[in-house]
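Q: Required output: the full structure, derived from the provided sequences and hints.
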Amino acid sequence: MTLRKSYTLTFFLIFIVMAACFITNISLGSVIIPWLDIFYSLTGGAVEKESWRLIVLDYRLPKAITAVLVGSGLGVSGLLMQTLFRNPLAGPFVLGISSGASLGVALLILGSSSLSLVLSDFLISKWGLVIAASLGSIIVLFAVLLVSIRVKDTMAILIIGLMFGSITAAVVSVLSYFAPAQQLQQYIFWGFGSLGNLSWHDLLLFVIIFSFGILLTIASIKPLNTLLLGENYAKSMGLNIKVSRLIIIIATGLLAGGITAFAGPIAFIGLAVPHLTRQLYHTSDHKILVPAVLLMGSIIMLICDTVAQLPFTEYTLPINAITSLIGAPVVIWLLVRKRKMLF
Amino acid sequence: MEHQWSFGYWYENVKCYFNTIETEKLNIVLKTEDLSIGYRTKKDLLVVAADINLQLYEGELIGLVGANGIGKSTLLRTLSGVQPQLHGKILLSNKKLEEYKNLELASQLSVVLTEQIASKNLTVQELVALGRLPYTNWVGKLAEDDVEKVKRAIEVTHITDLIAKRCFELSDGQLQKVLIARAIAQDTPFIILDEPTTHLDVYHRAYILKLLKRLAFETKKTILFSTHDIDFAIQLCDKMMVMNPEGFEFGRPKELIQCKAFSSLFPDDLILFDEKTGSYKIRG
Chain A
1 MTLRKSYTLT
11 FFLIFIVMAA
21 CFITNISLGS
31 VIIPWLDIFY
41 SLTGGAVEKE
51 SWRLIVLDYR
61 LPKAITAVLV
71 GSGLGVSGLL
81 MQTLFRNPLA
91 GPFVLGISSG
101 ASLGVALLIL
111 GSSSLSLVLS
121 DFLISKWGLV
131 IAASLGSIIV
141 LFAVLLVSIR
151 VKDTMAILII
161 GLMFGSITAA
171 VVSVLSYFAP
181 AQQLQQYIFW
191 GFGSLGNLSW
201 HDLLLFVIIF
211 SFGILLTIAS
221 IKPLNTLLLG
231 ENYAKSMGLN
241 IKVSRLIIII
251 ATGLLAGGIT
261 AFAGPIAFIG
271 LAVPHLTRQL
281 YHTSDHKILV
291 PAVLLMGSII
301 MLICDTVAQL
311 PFTEYTLPIN
321 AITSLIGAPV
331 VIWLLVRKRK
341 MLF
Chain C
1001 MEHQWSFGYW
1011 YENVKCYFNT
1021 IETEKLNIVL
1031 KTEDLSIGYR
1041 TKKDLLVVAA
1051 DINLQLYEGE
1061 LIGLVGANGI
1071 GKSTLLRTLS
1081 GVQPQLHGKI
1091 LLSNKKLEEY
1101 KNLELASQLS
1111 VVLTEQIASK
1121 NLTVQELVAL
1131 GRLPYTNWVG
1141 KLAEDDVEKV
1151 KRAIEVTHIT
1161 DLIAKRCFEL
1171 SDGQLQKVLI
1181 ARAIAQDTPF
1191 IILDEPTTHL
1201 DVYHRAYILK
1211 LLKRLAFETK
1221 KTILFSTHDI
1231 DFAIQLCDKM
1241 MVMNPEGFEF
1251 GRPKELIQCK
1261 AFSSLFPDDL
1271 ILFDEKTGSY
1281 KIRG
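Chains as they are written, first to last, in this note's numbering: chain A, 1 to 343; chain C, 1001 to 1284.
Hints in this document: simulated from the structure, not taken from any laboratory.
Using N, Cα and C, we set each Cβ at its ideal position, and we do this for glycine too.
What you were told as hints is all true, and nothing was included just to trick you.
Okay, the calculated beta carbon distance ranges per label pair: (1) A/166 x C/1115: 30 to 40 Å; (2) C/1084 x A/166: 37 to 47 Å; (3) A/142 x C/1138: 19 to 29 Å; (4) A/242 x C/1138: 12 to 22 Å; (5) A/215 x C/1033: 40 to 50 Å.
A: Shown next as structure tokens:
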């Protein structure tokens, strides 16, 4: 039972760290706002400048919440992929799932120029983006899955994921060649990734999609643990593989697709966070890993976003660049230190 | 003779009496009638083996032997319900195998496969506990009874000193013991093992088979395994199945030796079966 106690302690500490990261994240930015005023803007007290309250409530707070959702959601979808594909290198980006979402968005933004204006206005709304991205990611997921049923070799599955990524990239470049400049720019900015573009209204929609994805994940905890032994063992323990696989794929599609729609394609978080969490918790039990990945993903994403803000300067870096700069070395470090990555 | 009247003496006598009754009406765990196995394609049937009639009783250790590619795995896959039979009946605990629901079957039949487990990051404790998942609630929380059964499975397979280790730290022999412990934890009357002794040295092959023998006896489970260690199997198994090119044979090892089942197992240009020692010898 000491084991359980140590998990509780780790969860408590991680939660404190997350809270600290969250507060740091909303405290720092291009505009220097004193701590007290940030506190007052959140609690509704008197703030020295009204614009500060606006910055904190309508920009920094939604952005921090977006960071939490993006980080935790990508982490969880990475965890789901790693267990489902029995592959420590799986993740929404590596398997081409994010590319699928990009393709959906590209078809929508770049392809809509040929449609009538009224229709395209509706389509490029946030709803349109979410639906296109989720559909794109779920389609690629099913394609990868179909191939993975025929090809048992896990390396081959990764390479196929990369190939899907290339195909979508190619389609996107063909589309962009013919697209008008305005739409192209819109797509390219979306591709940089951004956490700060969401209004409270968008955020509500994001939370709803995120919650569905997480609910399906929680419902899959037992199947995920059973799958740790491999599919044939899982079958022998009475697991309905087809149903479980479908639920896991829909959960991943909603999480990775939804996140890509709202925040753009964000690399490495989905791959790196589950590994960092396993390092910290020394377990593969999804009862522990799912909540732990949620917290760890939030922390990493909040840190990345704080760095991307380049506090005290007026510049902001694309978030996708920061996650790659932090995430890629983490993966390399894990590979070098542990020799082989396990899940 | 004072001890004749002691409780222990009386108890032993009564126990012996009941034991004899038990052996008289041992339960049949698995029964097949005119079973034929193989593959069904759109055009025709590929029959791997036919007319298989088996009766496996509780507490028996059964070895399945045959040359590579003869269809041992096909038989095991059919008996474990992974693959449908072509013809005939399979009764597991008096119920047709195909009538079992997934979860219900998981409480009757557990397996140890040749394939690698997917996650080698699991600790031994976690892996053995996974055997209890068919009985747990929707998140897989272990009840007191489950914890107790996991503990017993760990003790009976003698892996108590390994429980904190991760699977990638284990040797092949240790991993095999752990996988057997997982199957024991699943607590099913029937266990199927697909070649549990491959990749092991001669000592550990004997160790695993002795372990299976003891488990079958102590836990009253019916254990069926396929193997290439024919001489060990002859020494240890209660019954054996021999898959020859000519047909399927089932019986006690001694009977099978007498009817020369092992002699026709392989082509006789290189090796010959020696009936006295129950093993194969290189042709001189």
